[in-house]
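Novice: Sequence:
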Amino acid sequence: MNASIAINNRSDRRTGPFSLTLLFSNFPQRIIKKGETLMKNNLSKGYIFYLVEGIVKNLSYHAEKGKEVVNGFHTKGELLNLEVWSKNEAIIPTLKGSSTKAIIKIIPIEQFRELVWKNQGLQQLVFTNLSNKISKSQERLQRLLLSKSSQRVKQFLVDYTLEIGQRVGYEHVIKKPFTHEEMGSLSDTSRQTVTTVLNELKAKNLIHFTRRYILIRDLEQLIIEAKKS
DNA sequence: GCATTAACGCACG
DNA sequence: CGTGCGTTAATGC
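Read in order, the letters of the first sequence correspond to residues 825 to 1053 in this note's numbering.
Mixed in with the good hints there might be a few duds.
DSSO-like cross-link-like pairs, simulated, lysine-lysine; straight-line CA separation at most 30 angstroms [to be verified]:
| # | residue 1 | residue 2 |
| --- | --- | --- |
| 1 | K889 | K925 |
| 2 | K999 | K1051 |
| 3 | K972 | K1028 |
| 4 | K957 | K864 |
Note that these hints are calculated values from the structure, not bench results. These figures come from a predicted structure and were not determined experimentally.
Put together the whole structure using the sequences plus the hints.
Specialist: Written as structure tokens, this is what we have:
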């Protein structure tokens, strides 16, 4: 989101101008398209990634079902693979491109550590990233324990809109959205439930959608709806 | 009731 | 023309 902007503002006062683009400019970057994997698991152990642009899916393999499930997604300004900071044999989720092209800086973990020691702005970014990830997973866990599935879908849709939706007048639009199946695993429910909940919301005229986009007509009302029991 | 899975038909992209 | 979606029936808690 605008984490990087917040960082810039804060570090401007104390340590002078801080630009991530500049800081990471000498590291190689990769462009990944929709569905493309960033790096093989055993390789990605050695790196931290910085998402310059686009959206990346975070997937892990569900052995019983024999398929990939979506754990979450990342947006512009996020640091990915931070797990490798503390674990050198972590089970690292696969990172795949989603919707549009994603631009990713590739930073070897040892060089990343050095940069963090020296650079206050980067420290801010790391802490912001970490605390965001922690609250996200806590919220998701709470939701799973306390809400019924239809609420979870609605709440997911709210978060999804706030994170990647674009404002269009009083409405919001999500272009090239996740499939119902993906939204299902993101809100811990089945694909069919997502379909029916979305169609309910469509009938209430709170949203409209096709396979290409989701239009949120009334975000305020959707937020209220997500809290109903 | 609330939710999940299987299954099938259908049509969007 | 494939896979993503809409629906319904069967099953479990």
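Novice: Hint compliance check: list the failing hint numbers for this structure, sorted ascending.
Specialist: Checked against the structure, no hint fails, so every one of them is satisfied.
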